[in-house]
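Going by our numbering, the first sequence opens with residue 2, and the numbers climb by one from there.
The reader is advised that the hints may include incorrect statements.
Stated by the list, open to error - Simulated restraints on C-beta separations:
| hint | residue 1 | residue 2 | range |
| --- | --- | --- | --- |
| 1 | LEU28 | VAL196 | 35 to 41 Å |
| 2 | LEU28 | LEU410 | 50 to 56 Å |
| 3 | ASP29 | GLU413 | 54 to 60 Å |
| 4 | ILE426 | ASP185 | 25 to 31 Å |
| 5 | GLU413 | ARG16 | 47 to 53 Å |
| 6 | THR425 | ASP227 | 44 to 50 Å |
| 7 | ASP4 | ARG177 | 38 to 44 Å |
| 8 | GLN94 | ILE246 | 55 to 61 Å |
| 9 | TRP129 | GLN94 | 51 to 57 Å |
| 10 | THR274 | GLU413 | 29 to 35 Å |
Note that these hints are calculated values from the structure, not bench results. Note that CB positions come from ideal geometry on N, CA and C, so glycine has one too.
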Amino acid sequence: MLDLRAFRSGAEDARERLARRGDPEVLDALDRALAMDARRREFIAEVEVLKARRNDVSKEIGNRKREGEDAADLIADMQEVADRIRALDAELQAVESGLQDDLLKIPNVPDDRVPAGGEGEFEVVQEWGDRPAFDFEPRPHWDVGSELGILDLERGARIAGSGFPLLMGAGARLNRGLIAFMLDLHTREHGYTEVAPPFLTNRDCLIGTGQLPKFEDDQYRTDPDDLFLVPTAEVPVTNLHRDEILDGQDLPLAYVAYTPCFRREAGAAGRDTRGLLRVHQFDKVELVRFTRPEDSAAELELLTRHAETVLEKLELPYRRILLPAGDLGFSNAITYDLEVWSAGVQRWLEVSSCSSYTAFQARRADIRFRPDGKGKPAAVHTLNGSAVALARTLVALLENNQQADGSVLLPEVLHDYVRQERLTIS
RNA sequence: GGACGGGUGGCCGAGUGGCUUAAGGCGCACGCCUGGAAAGCGUGUGGGCAUGCGAAUGUCUCGUGGGUUCAAAUCCCACCCCGUCCGCCA
């Protein structure tokens with residue numbers, strides 16, 4: 002949620018950055034919100050004067066009654082005042098809820114470093130590792146996986162539908178080993194606290210992180226209870242501190258969580274959906290940080306490095322790209338995507354998205370901290386990043402490490418976790 | 001799912017319509033006292049919104065949302081959460 006106060010006095014710089022998203026409707030919505038905010042403050046000024054009078058006179062009525070005096074004239078006056086307060090309060094409430102509804106649909110202001118431009122106009126920040134060379138034609142993971150007997154897309158579809166993959170045997174163990182490897186890395190070497198959160202959350206959580214109200218169609222919702230399957234661990238973990246005032250001394254807070262992720266991918270049917278490239282359910286290890294505003298830029302670099310370390314240890318060639326404003330997520334101020342090269346499909350696959358949300362989510366979820374000493378509570382900055390998403394990482398491992406005989410070599414860090422060095426056709 | 005009991009400030013806890021500006025205690029901060037400390041004494045101590053350069057003032061806030069009333073922590077309605085017991089259950 003935007004801080005309207007920051008826009009009341011012009012704020013041309015922020016307007017300009019908002020415009021970089023390339024959606025003129027956003028600026029219109031902002032102007033409507035500012036107009037409603039002005040009306041809101043007029044109503045408040047008017048009704049508060051009346052309430053102050055009512056409080057004074059009610060006290061006087063109480064005094065008179067105690068003394069056994071008559072207060073009928075004052076009560077009659079106050080009946081009229083109470084009616085006006087009721088009417089004004091109703092109007093004020095209508096304006097406030099309208100304003101709130103609109104405000105929740107306006108996206109975050111892009112960071113200064115974010116370039117203008119639409120999807121595809123990203124900036125490559127760095128590349129790591131060499132793409133593997135083959136003396137045979139590398140095959141896509143759906144062939145490699147099914148031949149190894151570790152990936153069964155047909156049976157997954159029979160159980161739940163297309164986009165719900167089924168792993169078997171060493172494939173399931175590889176998946177589990179990857180989760181354990183990542184959690185161990187981040188807790189032991191990067192200082193994160195492990196969290197095992199609920200996999201369903203209420204509506205407030207999704208409003209807090211920004212999936213709702215705009216993107217309800219992308220969520221899996223359970224019917225009688227109105228709970229949502231988490232699309233990412235970002236949702237439950239960021240909301241861990243919803244409605245809290247944190248001690249400034251405790252910042253930054255760093256959490257890592259494994260959860261499955263459930264996404265309806267509405268409107269994405271048929272697009273990059275082969276095999277494990279785009280699925281409705283996948284596993285992911287997520288990093289979430291709560292920081293002071295002045296630290297969030299440096300914290301994003303740190304968090305992104307933590308995610309990159311996973312790929313380096315898995316010996317997967319990747320690149321870091323900086324997303325342009327037109328491709329930036331609704332709540333995000335700045336995002337680096339990490340993409341691994343996958344030799345079978347011959348493409349860069351997004352396996353991580355590392356973002357700063359500045360105070361956008363913190364204002365929606367009411368997560369604040371108390372600066373040192375005295376001072377008013379202020380919104381924290383939230384950041385998160387996948388470290389990393391499993392399904393596509395599995396794709397890259399199978400495709401990049403495949404051998405001519407159909408077997409797949411595993412990177413050294415996984416040997417103990419999977420209890421084998423090579424996946425072979427049995 | 002059913003029955004009963006609860007939800008008050010950072011914490012404990014009093015408060016069944018107006019004398020409550022939410023008693024009292026604990027904690028915390030500052031001051032006095034002291035060679036220093038403890039004890040003691042005194043003062044202060046939540047958050048949101050609005051107005052204001054600020055000091056400050058007003059308003060809202062006793063689980064949440066409605067309602068009754070000139071006036072609600074207190075009365076009424078709905079919901080949420082916690083506890084205990086029962087039922088069901090991995």
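Inset, instruction - Just tell me: holds or violated, for the beta carbon distance of GLU413 and ARG16 against 47 to 53 Å? - result: holds, 51 Å
Inset, instruction - Starting from the range 54 to 60 Å, see whether the pair ASP29 and GLU413 falls in it by beta-carbon distance. - result: holds, 55 Å
Inset, instruction - Note whether the CB distance of GLN94 and ILE246 lies within 55 to 61 Å or breaks it. - result: Violated: the Cβ-Cβ distance is about 26 Å, outside 55 to 61 Å.
Inset, instruction - Can you let me know if the beta-carbon spacing of ILE426 and ASP185 is within 25 to 31 Å? - result: Given a distance of about 30 Å, which is inside 25 to 31 Å, the answer is holds.
Inset, instruction - With 35 to 41 Å as the target window, see if LEU28 and VAL196 comply at their CB atoms. - result: Once the Cβ atoms are compared, 38 Å apart, the range 35 to 41 Å for VAL196 and LEU28 holds.
Legend entry - Hint check for GLN94 and TRP129 - Cβ pair distance inside 51 to 57 Å: Holds - the Cβ-Cβ distance for TRP129 and GLN94, about 54 Å, lies within 51 to 57 Å.
Legend entry - Cβ separation of THR425 and ASP227, checked against the hinted range 44 to 50 Å: holds, 47 Å
Inset, instruction - Just tell me: holds or violated, for the beta carbon distance of ASP4 and ARG177 against 38 to 44 Å? - result: holds, 43 Å
Legend entry - GLU413 and THR274 - C-beta distance against the hinted 29 to 35 Å: At 32 Å between Cβs, range holds.
Legend entry - Consistency of beta-carbon spacing, LEU410 to LEU28, with hint 50 to 56 Å: Given range 50 to 56 Å: holds, Cβ gap about 53 Å.
Of the numbered hints listed earlier, the single one contradicted by the structure is hint 8.
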